[in-house]
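One letter stands for each residue in the lines below.
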Amino acid sequence: MTRFLPFILRNALRSKRRTILTVLSIVVSMFLFCTMRTVLTSFDQSLEMADAARLVTRNRTSLTVFLPLAYKGRLAQIPGVSAVSFGTWFGGIYIDERHFFSQFAVDPDGYLEMYSEYLLTPQEKEAFRRERTACIVGEKLAAKYGFKIGDRIPLKGTIFPGNWDLTVRGIARARTANLDTNFLLFSWEYINQRLGNFGQVGWYVVKLADPNRAGDLSRTIDATFANSAAETKTETEKAFQLGFITMLGNIRAVIYAVGTAIVIAIMLVSMNTMMMAARERTREVAILKAVGFTDRTILVLVLTESLLISLTGGILGTVLARVVYDVSGFTGGGFFPTFVVTGGTMGQATGIAVVMGLLSGAIPAWNASRLKVVDALRHVG
Amino acid sequence: MTGPIIRLEGVTKVYRRGSVDVPVLQRLDLEVARGEFLALMGPSGSGKSTILNLVSGIDTPTDGRVIVAGIDLGDLDASALAEFRSRHIGFIFQSYNLIPVLTAYQNVELPLLLTDLTRKERREHVLAAMAVVALTDRLDHYPRQLSGGQEQRVAIARAIVTDPTLFVADEPTGDLDAQSATEVLHLLQRLHTEFGKSIVMVTHDPHAAERADRILHLEKGVLVESVERKRP
Ligand SMILES: Nc1ncnc2c1ncn2[C@@H]1O[C@H](COP(=O)(O)OP(=O)(O)OP(=O)(O)O)[C@@H](O)[C@H]1O
Ligand SMILES: [Mg+2]
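Respectively, the protein sequence lines represent chains F and C.
Start counting the first sequence at 1; every next residue gets the next number (our numbering).
Start counting the second sequence at 1; every next residue gets the next number (our numbering).
Rather than coming from a laboratory, the hints here were simulated on the basis of the structure.
There could be a bad hint or two in this list.
Unchecked claim - Listed below are several chain F residues computed to face chain C (Cβ distance under 10 Å; list not exhaustive):
1) Phe4
2) Arg10
3) Asn11
4) Met275
5) Met276
6) Arg279
7) Arg281
8) Glu284
9) Ala290
10) Gly292
11) Arg296
12) Val373
13) Val374
Glycine included, each C-beta is placed from N, C-alpha and C at the ideal position.
Please model the entire structure based on the sequences and the hints provided.
So, in structure tokens, the structure goes:
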């Protein structure tokens, strides 16, 4: 087969512009495919990072309704609970709306211990505990904005109006590479004091002595606060984040639908190209057969050419996606913890390119192999 | 091997055009000896190309037997016919013989790609064939960079590169000027005299036909011998 390769290449490059356009359209479609699938894998990954040994307790009504601070002590007393901490979504604006990143006002005593997968020095932790306006930024966020220890970060409150001036006292590093560090933490005490003993929190994080009892304890916790002013809903951290994600609508289905549509559209384009290319070659196929090429060889030649074109586009698009997202450090404005085109995605894209090549070459290849030499010669000659 | 290179026995060819049968050849018999150079003449539409197509196994008769180089083509399936062509037949058409995206060298190499020859051996064969047609200085030219006569000579080189038993040429000079035509005819004649090849050539040109050992006229499905020529 390799001896036919130069011939196949020549054929593929016969109309350079047409081939380049076809390859480009496949590059674009595979780039989009990789992007879309990476959106999904990044969601899934952020779920996997959630700790099964932690429960999140929030207000039954909605995530946007607070819980009283007094619940902390009551949660800590429930058997099976080994630690309790809390946080609140701050949602402030840094510079302007386009510079979005997650900001949490958290329990200065215990929150950092609860999330031990983020590494901080004892000095950093101590500064965070003592200083009301201290904040900790994740290393990715720090890298993005060039934050250093001692830098001031002014935030404009939305949920909590006013200007909030924070000072960087620590930079959190991730223990494992897949952890998101696009966040800012500051002390909930700052809010509490400024609002004159605010006394409310967004949610509680509850650490379990035994992760296997998550379901059991969730029910116990919610039962404890049943029929009180603020009823609770407790779920694992994973389910909590999943809720966050499904809030964004049924993205998964949309992504699959759009992705499939793009792939099919591009396949039709390249199918058309292959058919056009084949029609122009009727005479040549007849010549090949006249000198002794079998129907099967012709079939393989046309299929290989189509495969070559679509695989070239597929591989280029896939590698491009991988490199672009790696180099740019794209995170969807901090929305995704990481945005890495996985090996699985690259494999799937390549597989789709192969199928695309075979399908778009199938009809012209079949026609060429069926072509009767006499008819074809009469055609032009 | 002895015996005729071509033997047609009661060959009938009927084309169907819609519901109408168009009879082209009617129980035709023909024998061409090994090493013979036969010219086939006749009015347009008389069935000359049809005979060449039957002989080279790219068309099948409605009835009768076609035996070439001792092989009954009726016994062969499609892929065996392809193999038969690559071994026994050298084609030269009236025009557009070459693949436009391939150089002269690559065009001549094409039939060799179907053999077991190594790259180096293929190169030797191609160079030898191009030397016969005196075009070794045009190896890297594309068909569009060649004159009509040169194109036909490359086509001849491609036909001889596999050293086939029988050459089949359908109006090989039909599109050429007088001088190129003479060159091409001269080449065919050399294949015949120097290399002892069998040739069947269809032509409308009586001068071209004179190069052959024998001229047959096809008229209304019947072959008529016009002149028996002596070998020069
Ligand atoms: N595939 C086909 N379907 C229908 N009729 C055909 C087909 N092929 C050939 N014919 C008819 O058969 C007859 C003989 O055709 P052929 O090509 O053999 O003639 P020819 O002698 O080579 O003519 P020319 O000198 O013009 O090349 C013609 O009338 C042609 O129309
Ligand atoms: Mg003809």
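Violations among the numbered hints: 4, 5 and 6
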